[in-house]
Structures are given as structure tokens and as C-alpha cells.
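Got chain A sorted already, so can you dock chain B onto it with the hints?
These protein sequence lines map, in sequence, to chains A and B.
Position in the first sequence (first residue = 1) + 1274 = the numbering used here.
Position in the second sequence (first residue = 1) + 1274 = the numbering used here.
No lab work stands behind these hints, which were simulated from the structure alone.
There may be inaccurate statements among the hints.
Each pair may be met inside one copy or between any two copies, as identical chains are not told apart.
[Unchecked claim] Below are the SDA-like pairs computed for lysine to any residue, each with C-alpha atoms no more than 20 Å apart in a straight line:
hint: 1; residue 1: K1494; residue 2: K1622
hint: 2; residue 1: K1494; residue 2: G1302
hint: 3; residue 1: K1299; residue 2: T1566
hint: 4; residue 1: K1572; residue 2: T1562
hint: 5; residue 1: K1361; residue 2: D1397
hint: 6; residue 1: K1494; residue 2: D1616
hint: 7; residue 1: K1276; residue 2: D1391
hint: 8; residue 1: K1319; residue 2: E1341
hint: 9; residue 1: K1622; residue 2: E1396
hint: 10; residue 1: K1450; residue 2: V1512
hint: 11; residue 1: K1494; residue 2: R1618
Protein chains: 2
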Amino acid sequence: MKENVKVILWGLGLMGQGMAKMICKKRGFSIVGAIDLDPSKVGKKLYELLEVERTENNDVVILDNPEEVIKEKAADVVLIATASFTKAVYPQIKFAAEKGINVITTAEEMSYPKALDPELSEDMDIIAKKNGVSILGTGINPGFVMDYLVLALTGVCEDVENIRVSRVNDLACFGKAVMEEQGIGLTKEEFVEGVENDSIAGHVGFIQSFGMFEEAFNLKFDKIAQTKEPIMANVERVTPLVSVKPGYVAGCKQMGYGYVNGELFVEMEHPQQVRPEMENLSTGDYITIKGTPEINLKNTPEIAGGVGTYAICVNMIPHVINSTPGLKTMLDLPIPVAILGDVRELIK
Amino acid sequence: MKENVKVILWGLGLMGQGMAKMICKKRGFSIVGAIDLDPSKVGKKLYELLEVERTENNDVVILDNPEEVIKEKAADVVLIATASFTKAVYPQIKFAAEKGINVITTAEEMSYPKALDPELSEDMDIIAKKNGVSILGTGINPGFVMDYLVLALTGVCEDVENIRVSRVNDLACFGKAVMEEQGIGLTKEEFVEGVENDSIAGHVGFIQSFGMFEEAFNLKFDKIAQTKEPIMANVERVTPLVSVKPGYVAGCKQMGYGYVNGELFVEMEHPQQVRPEMENLSTGDYITIKGTPEINLKNTPEIAGGVGTYAICVNMIPHVINSTPGLKTMLDLPIPVAILGDVRELIK
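Pulled out of the complex, with its shape left as it was, chain A reads as follows (with noise of 0.2 Å):
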């Protein structure tokens, strides 16, 4: 029998904890290290954190230090969770890539690194490629919903015209780092002050959904424009991380527009808010491709987003082992496929 395929986790967040007990209930993987800043990790075990069952499998401290854990050839690939933006994780992804480990990492920009920092994203790429690894950003949003998923979508179409997808979710399964980005609790004058300086960045994806487009249809928009929208609460949302009193902001709605030739040529509408159903408010994925043959799609309610992120970050562990090296997106590789059975048997 093959070797365990070997995990590094870093960044033990609500992702990568998601990440690291979806991993524990698997056959054929070893965690063999784990890498978190927070003084109240740091130093325990990582199955005491996640409150499993200790196996030669998941008996790991948590160091702070990198360093420690990071080591030529430690691992098959390192899971990174640990901020939303290609700049911040770029270090820590140049720091694994050059010693030999594979990245898979939930930083949303890192879904279409391109479309923001085509620099850091070339130099990912001869990182990669010269010490034989692979690097994939993915994620429930953007890495699936409103772009992988779309654009496979397409594929039975002769002609499209034009596409609406609209993503109603509950943001409740998320961590802090996401409700800070979206504004939650704040006043609507806090939310729109945050917006115009760039405090809140709401949904970060849109620009990358964008740009994977372009990519897979081989266009350029000639406008993308943005808005982002308050969403009050009229009664009291409660989450385990957060309780958002009536009158404070439960949310952000999220528009996105992209143009071609003038045309408005795909819509997104993706108001993110924590605990909808408190108001009644249902919440799912909605596709609408206009064109030869027409698509009509519902998923209700959505695609919960927090285990579909770090789910489709481990289904694609073996997808990226096995892939040529370089900085790949979800465009080059094949489709993400639950992990079933023993992953060692999916590594070629």
C-alpha cells in the first residue's frame, strides 16, 4: 500500500478546522503538522482542538512557528487558511512551494490570483513549476457557485447571451475575519463610510469570478462595476459569534456587472447576511443562462458555505498531487469529486 498523503494545516480557523476534522474522518491521509498564531492554540494538540479522537494520524502540537512545520518535503500538500487576500498569503505560499509541498489555500483572491496581481501570480507560477508543485485557490464562492459551476453550465449551450446568478446564503457558519469583511453589527453609516474607504470589502470574489470568466470564454469585459448595499435587521440575529441587534447591519447585498460590447453580460447578486431565516427570508443559488438551450437552475436552500469551502478545498487534494506543476486555477483542473474512500487509492 501507498504512503499516507501527508497534511499540513495552516491556519486553524473555522476553514481550517473544518478542514483538519473533514480530514480526521478520512482513510489514507496523515496530518503531520499544524501551524496557528493564536496563543490559545498554540501548544495543544491538534486533536485536542478539534475534539476528535487522537490517532498516529492527528497526534500534531500546534507551533506558531512556520519554520517548525514547514520543512523540504514535510508534506504533499499544505492547507492554507489563513486571510482572504493573494497578498497576504502569497509569503506564506512561496514559503511551502519552495519546499517542495503542494498548496491548497481558501484566500479567496487565490481563486483567480490573476485578476488582481498578475506580478505575484507569474511569480507563483516559476515557483511552482521550478520546484515541481502545484497551487490552487478554491472555495464554495468564488471557486464554485457563482463561476466553476456557471461556466460548466455552459458547456451544453450552443449560444449564450447572457447569465444571472444570484447566491442568497447565511453567513452564520462562518468565521470572524468574514463578518468583519462584510460589516456585520455595524450602523448603515459605519457600513456605507466603510464601504467608500475600503474597510469593508464585502464579498471578496467578485473580481475573481470576473476574471475566470474572461479566461474560460476568452473575453475581456469592457466595464465590471461593483455596489455593495447594507442589509438592516429588523429583529435580533444571533449567531455563536455575533448577535445583531435591530437597526445594525445583518449583512451585505453584493452586486456585480460585467459588460461586454456594452451589453450587460453576466449579472451577480450575492446578498451575504447572517441568519435570513430569522426574517423569513429564504436563501439559495439561482443560475439563469439565457441562450441555446436556456438554463433555469435552483439549489434551495444554498449550498452551505462554510463545508462546501473547506470540503472542495480537501477534494481537490488529490486532483492538485496529481496535477503538472505550476499555479493552477479550477479552469485546468478536472472537476472536484467527494473523497469516498481511501485518497491514497486517487493519487496516481
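Positioned in the frame of chain A, the structure of chain B alone reads:
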């Protein structure tokens, strides 16, 4: 600028003509050959048959002798739409591949040929590699709705308990071969007899879809079962090709069951009929994945079968040309995407 992507069409029934017309609307393609055995088509110019404008990229005579058309590297790809079964298209595929031409076929069994013809598949893989070409079978189903799309959706799942897929569709867009395979227009007794003596194939695809599930999930079903029941017309159902009187067979309801460890893991329901809307039956594609998270997807009406099949075949042309040599399935290649711009720019 690169040379046009050169295509040969082999088989000019509804699917072949659909592919040809679609190609005529796209930029960067040249149709360099067309083959069909139907005496009413042989000798005609392709653009006459298609009733499209004559251009330098579709000005070919339809011939019945493949040897006059399929010459050494005469094209980048040949699109074979002549039959449903691997054994029937195998000699044609071999002939084209040995001339150094990539192959895409609508033949349903070729979407996962290993399921029924492992030796021919091995043989095609060897031939493809020897000649530096790739071979792909695809279509709306098998090839996309009831297998590939379902598998891609499991890519965001931490775990999958079971899967139910239903495709309720209209057959009116398909050709004569499909109508006969489904027993359209027969009496109930003729249908039942036809199922027993295998003259009614029904939907050709469940075995291939199950095979694709097995490979993607790296599992073996311990039992696969299928049933076929007639759908009887209560009113007259008319299409350009057939007219089904009340009391006669308007379609075939096929069910498929794949068991793992004695439990039903994948259930497929596929009632295929001509013009269900004439009896107020609504059509659609329905995918339910029980697991973490749950997925509950509806696409209504169903993705149209005819255009879906020929579109995905054409849209996969760049991936097949760019692929490493060998016999491929949809699981081996990146997602299909609608070709909107000049196809030459998609060739690496």
C-alpha cells in the same frame, strides 16, 4: 494567426447536423470533410443539406466513403455521430485515430466505454497514444446531467450518504435511432417483448453513468439494477418524425439502482418520452444529494437533450485537442465551456 481548427463530420443525422450548424456559426473552424451513408445526402454540398450560407469553411461534398475523407492528419478532430454503441463506432474511431485525428463521439456507450467494453477501451487507449491523439465520448446524458454534473456537485461535499437523480425530458429533439431505441409508437405488448429480447435499448447510459460514478468515487457497486416501463400516450403526440396515437407507447421510463454495501447509493429515474407537455407533464433535471451539506437542485425545464448533446461535443473540441493522448472521459478533462469567441485562441 493560427490555422483554423479543421473538423470532419462523420454521420449527418440530427446530432451530426446540429454539430455542423453550430460549427458554421463559430469563428476559427473549417469543416474539411463530411461523411454519411444516406443516399439522399451523398453527393450534396454540406451547406445545402444544412441550409446555411456557403462559405470557404463549409464548402465540402458529403461522401459515403470514409477512405476518401479520413486521410492522414486531414483534420484536427472528427466528430462521429453514427451510432449509440461502442462496438458500432469502434471501427470508425480506430480508423480516424490511426490517421492521426482526434475523435469526439456522441455514441452514448463511449461516454464511459470501459463499463461494457474494457478490451476495446484498452485497445482504443493504445491506438490513441500510439498516434498522439485523444478520444472522447460525451453528450447531455450520459456525459453530463445524470453523472458529470452530479459528481461535480459532490465536490463541495464533506460526505455523501446517497444520491438521487431524475431527468424528465422530451425526446422530440432527437433522431430516428433514438425513437426506435425507446420503442416510441409500439403497443404495450411489443414494448414489453422488446425489453425482454433487448431490441428496445431504452436509455443507453445508466451503465456508463454508474461506471463514471465508480471511477470518480473509487468504489464498486455490489449490484446495479435497471427497469424499463412503457409510458403510454393518452392523447395523440406528434413530432416532425413520429405520431403516437393514444394507447401506444410515447416513451420509456427507466430506473437505475446502484447499491454499495447492500444499501441503495445512487438512484436514477429517467422517463423519456415525446412531447410530455401535450399531457401537461412538466420536465426537468433534479439532483438530490443527501450528505454534508445537502444539495437539492432543480433545473426546469430539462436542459434540452438534442442541443445539449451536440453543443457539449463541439465545446469539448479545444480540450480534446489540448489533451494528452489516450482514451479520455469527461472525468479526465477540464470542464466544458461554451465557445463564444474564436476557437483558435483556445488551442494551446
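Okay, the hints, checked on the actual structure:
1. Proximity of K1494 to K1622 under the C-alpha cut-off of 20 Å is restricted to the inter-copy arrangement: shortest distance 19 Å between copies versus 36 Å within a copy.
2. Proximity of K1494 to G1302 under the C-alpha cut-off of 20 Å is restricted to the inter-copy arrangement: shortest distance 18 Å between copies versus 43 Å within a copy.
3. Within a single copy, K1299 and T1566 get their C-alpha atoms only as close as 43 Å, which misses the 20 Å cut-off; across copies the closest is 13 Å, which meets it.
4. Within a single copy, K1572 and T1562 get their C-alpha atoms as close as 9 Å, and across copies as close as 12 Å, so both meet the 20 Å cut-off.
5. In this assembly of identical chains, the alpha carbons of K1361 and D1397 lie at most 20 Å apart only when taken from the same copy (12 Å versus 49 Å across copies).
6. Taking the shortest alpha-carbon separations for K1494 and D1616, only the inter-copy value of 13 Å comes in at or below 20 Å, while the best intra-copy value is 42 Å.
7. In this homomeric assembly, K1276 and D1391 never come within 20 Å of each other (Cα to Cα): the closest approach is 38 Å inside a single copy and 29 Å across copies.
8. With identical chains, the CA atoms of K1319 and E1341 are at most 20 Å apart within one copy only, with a shortest distance of 18 Å there and 69 Å across copies.
9. Proximity of K1622 to E1396 under the C-alpha cut-off of 20 Å is restricted to the inter-copy arrangement: shortest distance 18 Å between copies versus 27 Å within a copy.
10. Taking the shortest alpha-carbon separations for K1450 and V1512, only the intra-copy value of 14 Å comes in at or below 20 Å, while the best inter-copy value is 60 Å.
11. In this assembly of identical chains, K1494 and R1618 lie within 20 Å of each other by CA distance solely across copies; the values are 16 Å between and 40 Å within a copy.
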